Amino acid sequence: MLAGLILTLQEVVVSRIAFPFANPSIFLIFVISWAFLEDQWLAALQGFLAGFILDISPLSVGIVGHWAFVLAAISYGVSELGVQLRGSRKSPLTLTVVVTAGIFFTLIFFVVSGSLINSNQGYGFMQTVPGVVFWSLVFTPLISPLIIVVKRAADGVGKSLE
Amino acid sequence: MGNDKARSRFFLSALLITSLLLITLDLRGNLPSEGLRKVSAKVSSPFQTLFNSIYRPVSTFTGDVFSLGRTRSKISNLQKENAALKEELSRKNAITNEVKDLKSVIDLAGAGRYKIVPARIIAVGSAASFSRTIQLDVGSADGIKKDMSIIAGGGLVARILSVSEHSSIALLMDDETFKVGVRLESSGTLGVVSGTGGSDLELILLDSTSDLRVGQRVVARGSSNSQPFLPGVPVGVITEVNQTAGALTKSAVVKPFVDLNRISVVAVIVSKSKNDPRDALLPPSPKPIPTPTVTIFVTPTPVPSPSNSDVKQ
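Chains Z and A, in that order, are what the protein sequence lines are.
So the first sequence is numbered by our numbering: it starts at 836 and just counts up by one.
So the second sequence is numbered by our numbering: it starts at -18 and just counts up by one.
Hints in this document: simulated from the structure, not taken from any laboratory.
Just so it is clear, the structure is predicted and the values come from calculations on it, not from any experiment.
Hints should not be assumed to be uniformly reliable.
[Said to hold, decoys possible] Calculated cross-link-like contacts (lysine to any residue; reagent style SDA-like; alpha-carbon spacing at most 25 Å):
| no. | chain 1 | residue 1 | chain 2 | residue 2 |
| --- | --- | --- | --- | --- |
| 1 | A | Lys19 | Z | Gln881 |
| 2 | Z | Lys986 | A | Phe28 |
| 3 | Z | Lys986 | A | Phe32 |
| 4 | A | Lys(-14) | Z | Phe944 |
| 5 | Z | Lys986 | A | Val24 |
| 6 | Z | Lys986 | A | Phe(-8) |
| 7 | Z | Lys986 | A | Arg(-12) |
| 8 | A | Lys(-14) | Z | Arg921 |
| 9 | Z | Lys925 | A | Lys(-14) |
| 10 | Z | Lys986 | A | Arg(-10) |
| 11 | A | Lys67 | A | Arg243 |
| 12 | A | Lys23 | Z | Pro893 |
| 13 | A | Lys(-14) | Z | Arg987 |
| 14 | A | Lys23 | Z | Gly897 |
| 15 | A | Lys55 | Z | Gly966 |
| 16 | A | Lys(-14) | Z | Pro893 |
| 17 | A | Lys(-14) | Z | Thr929 |
| 18 | A | Lys(-14) | Z | Ala989 |
So that you can see chain Z by itself, here it is in the shape it has in the complex (with noise of 0.2 Å):
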């Protein structure tokens, strides 16, 4: 849901602002930042939810199944290294770095996974990868504290369920 939200605040305000060099992901930095933030099958599945979200967008036109496989994965991997944190996770520059790290692989293994399933989506792509790096390290240090405070209120409604 909240990624959803996340990726229509991304498409209808962030995309549509001429940011130099490549437009900056907060879709990505949301999802990342949050599966660092989470435990791992948990950060696999919303990571699997977001991709698919990005996947069935009504802007989007690669394969259905693509961002999925490669954010669960990523979103694993990311929560995996979060786990391992611990201590500094919820530190603002920690965040930063992973997240820009965990985008910069996020993009790389979307290329090429995309090149292993035949995807249209490649070169063009790639283009984008440094600009997008940049924006996220220039934004995460920004939301992050948001995302923290969100995550922290999602956990307690959680537990409140529980």
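Fit chain A to the supplied structure of chain Z, relying on the hints for placement.
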């Protein structure tokens, strides 16, 4: 802990397999991806509308902020282009004016049957020297000699002071040391016009009893052997008459036909015609504007006479 990890890995494998299944189905065309995207569009549509309505007012601002650099460079390029166009336009205007000036001076020379050498003013005497002189781009190589008359489209402008091979210096008519013998249009009354240092000239009539009126036009009388002045060259028009009772001479203010501050192309008269053109070179006289006469008829209002009823009261 180890169990959790194994479970997570198993779960991840299941998700990855599901993804691969979806990919395979979509690649084979067995997945209704279009239908899924339509449903997604329907679900996200209200949120898109909401975000859009919030975002629209600020979109122009953000667009402007992010395209500021491009806009600046565009403005800079347009400014350069504009400056280049202005320069070109100014050059064209200058050429057009020169052509116009040249045409009028050729017309005047043609009417007087003068042989002329067209010249461009290349320098104007410095204000610091208190002399109204100009430098022309023609000299002795072009047949220019000292004391020749210089005309522009409207009439007399200056006379040659000194000549070098490819340039010459001329004294403008409005210089205080400039004097030219003149004749009033039609009447033939003689006088002398001299420069005042200002935009107007001063006319002094030799005969104080002669009639002098505003609007009368003045032409050069001509010097002996036509040097420096040729007869019939238009000089100016009287704009003010100075009446001094008992004075031996009569004077007037003359406005030259040529605006001496705005000339760029002139012509040096190198030889004259055999006949004196008299007043033929003067521009056509301005037609007097008829003054409208307003006639007002006044009918007196009749005085009311007392009626019978008023008397009764």
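Status of the hints after comparison with the structure:
1. Proposed proximity of Lys19(A) and Gln881(Z) is supported: the alpha carbons are some 22 Å apart, at most 25 Å.
2. For the given pair, Lys986(Z) sits about 21 Å from Phe28(A) by alpha-carbon distance, which is consistent with the 25 Å threshold.
3. For the suggested pair Lys986(Z) and Phe32(A), the alpha carbons sit about 22 Å apart, so the restraint of at most 25 Å is met.
4. For the given pair, Lys(-14)(A) sits about 23 Å from Phe944(Z) by alpha-carbon distance, which is consistent with the 25 Å threshold.
5. Distance restraint check for Lys986(Z) and Val24(A): the Cα-Cα separation of roughly 24 Å lies within the 25 Å cut-off, and the hinted pair is therefore satisfied.
6. Distance check on the hinted pair: Lys986(Z) and Phe(-8)(A) sit about 22 Å apart at the alpha-carbon level, within 25 Å; holds.
7. Of the pairs offered as hints, the one joining Lys986(Z) and Arg(-12)(A) holds, with about 23 Å between alpha carbons and a cut-off of 25 Å not exceeded.
8. Distance restraint check for Lys(-14)(A) and Arg921(Z): the Cα-Cα separation of roughly 16 Å lies within the 25 Å cut-off, and the hinted pair is therefore satisfied.
9. A threshold of 25 Å between alpha carbons decides the hint, and for Lys925(Z) with Lys(-14)(A) the separation of about 22 Å falls inside it, so the pair holds.
10. Pair hint Lys986(Z) plus Arg(-10)(A) holds up; C-alpha atoms about 23 Å apart against a cutoff of 25 Å.
11. This hinted pair checks out: Lys67(A) and Arg243(A) have alpha carbons roughly 20 Å apart, not beyond 25 Å.
12. About 9 Å separates the Cα atoms of Lys23(A) and Pro893(Z), which keeps this hinted pair within 25 Å; it holds.
13. Under the criterion of a C-alpha separation no larger than 25 Å, the hint pairing Lys(-14)(A) with Arg987(Z) is consistent with the structure, at around 23 Å.
14. At most 25 Å may separate the alpha-carbon atoms for a hinted pair to count; Lys23(A) and Gly897(Z) meet this at roughly 19 Å.
15. A distance of roughly 24 Å separates the Cα atoms of Lys55(A) and Gly966(Z); the hinted pair therefore holds under the 25 Å criterion.
16. Taking the CA atoms of Lys(-14)(A) and Pro893(Z), the gap is near 36 Å; set against the 25 Å cutoff, the hint is violated.
17. Taking the CA atoms of Lys(-14)(A) and Thr929(Z), the gap is about 23 Å. The hint holds against a cut of 25 Å.
18. For the proposed pair Lys(-14)(A) and Ala989(Z), the alpha carbon gap of about 23 Å is at most 25 Å, so the pair holds.
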